[in-house]
Amino acid sequence: MEENFKWLWYAFSAAWVLVVAYLFSLGRRESKLRDELESLKSMIEERQRK
Amino acid sequence: MKNRSSAILAAVSGVMLVITLYLTFLWVPMERTMGVVQRIFYFHVPPFFVASLAILAGLVASIRFLITRDYRFDDLAVSAIEVGWVFDSINLVMGPFWARPVWGIWWTWDARLTSAFVLWLMFAGYLILRRAVADPSARAVMCSVVVIFQAVGGVIVYMANRWWRTQHPQPVMAGGQGSGLDPRMWYVFLFSLATMLVLFGALLQIRRRLERLRREIDGLRRTVHSEA
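Listed in order, the protein sequences are those of chains A and B. Using the working numbering, read the first sequence as starting at 1 and increasing by one per residue. Using the working numbering, read the second sequence as starting at 1 and increasing by one per residue.
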């Protein structure tokens, strides 16, 4: 029985790792895109001012 | 508004996930032959159904893109396929941890497992193709065609253990005479499926937000280049 708990624990840990890694990747990509968007917007504003 | 709805969906899926874990570990009866390891079922099978739904959503969006050339459908397709790939990965990763104690092996190349692995590769191939093709129009058309083949792959995975003899068990749900689940197992399975669907909805909205941001950036880049 305890042996089976080990497999259950491994399976659920693997699933959680996948979900957390994906959430982390989404967050990282969003902050990178927002930074890029802000820099492009400020570049355009600067050009328009000139 | 859209940020708020994805936050609400994420919160609801979080609460539902806690309830699913409670039902899976404390409420549902123990399966007689496999024991506690059978509880993997409640987190192994629903992700496959969610991945199948993702392929269906990707297929409908891709066909609509091919007809209308509206890039919002392409955004929906890539978002559904990427999130579906995560759910398909959960299904594939959990399976061997169930197989090892029950079958004595981690993996076997039977029709069900092989087709499931090929489908996972097709998901990955779609995402690699999106990065490989620079032209947005060609990229969207090529990827839309790939999703059509992927949908055929999804049907083969679902039917594999009905069409061929496999190491993977024959269908437990809707598998005909002799198949079936204890009613309490059904409730937990359906609740887990509902949880995964809500989680899929939340992740899909977040992923679509990224795609909208990317399109906005592409538009601004074009403006910068045309002014230069």
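Calculated directly from the structure, the hints in this document are not laboratory data. Careful, some of the hints might be misleading.
Claimed, not checked - Sample of chain A residues facing chain B (criterion: CB under 7 Å; computed from the structure): (1) L8; (2) Y10; (3) A14; (4) A15; (5) L18; (6) V20; (7) A21; (8) Y22; (9) F24; (10) R28; (11) L33; (12) L37; (13) E38; (14) L40; (15) S42; (16) E46.
Built from N, CA and C at the ideal position, the CB exists for glycine as well.
Hint check:
The criterion of a C-beta within 7 Å of any C-beta in chain B is met by A/L8, whose closest approach is roughly 6 Å, and the hint holds. With its C-beta approaching chain B no nearer than about 5 Å, A/Y10 sits inside the 7 Å limit, and its interface hint holds. Hint status for A/A14 relative to chain B: holds, with the closest Cβ pair at about 5 Å, below 7 Å. Restraint check, A/A15 versus chain B: the minimum CB separation of about 5 Å is within 7 Å; hint holds.
Interface hint status for A/L18: upheld, as the beta-carbon distance to the closest one in chain B is roughly 6 Å, under 7 Å. At a threshold of 7 Å, the smallest CB-CB gap from A/V20 to chain B is about 11 Å, leaving the interface hint violated. Evaluation of the A/A21 hint against chain B yields a violated restraint, the C-beta minimum of about 9 Å exceeding 7 Å. Hint status for A/Y22 relative to chain B: holds, with the closest Cβ pair at about 5 Å, below 7 Å.
Taking 7 Å as the C-beta contact cut-off toward chain B, the hint placing A/F24 at the interface is violated, the least distance being around 12 Å. For A/R28, the interface hint is violated, the least distance from its beta-carbon to any beta-carbon of chain B being 11 Å, above 7 Å. Given the 7 Å rule on beta carbons, the hint for A/L33 holds: about 4 Å separates it from the nearest Cβ of chain B. Because the closest C-beta pair between A/L37 and chain B is about 5 Å apart, less than 7 Å, the hint holds.
At a threshold of 7 Å, the smallest CB-CB gap from A/E38 to chain B is about 10 Å, leaving the interface hint violated. With a least beta-carbon distance of about 4 Å to chain B, the hint placing A/L40 at the interface is held under the 7 Å criterion. The beta carbon of A/S42 is not positioned within 7 Å of any beta carbon in chain B (closest approach about 11 Å), and the interface hint is therefore violated. Interface hint at A/E46: violated, since its Cβ lies 11 Å from the closest Cβ of chain B, which is beyond the 7 Å cut-off.
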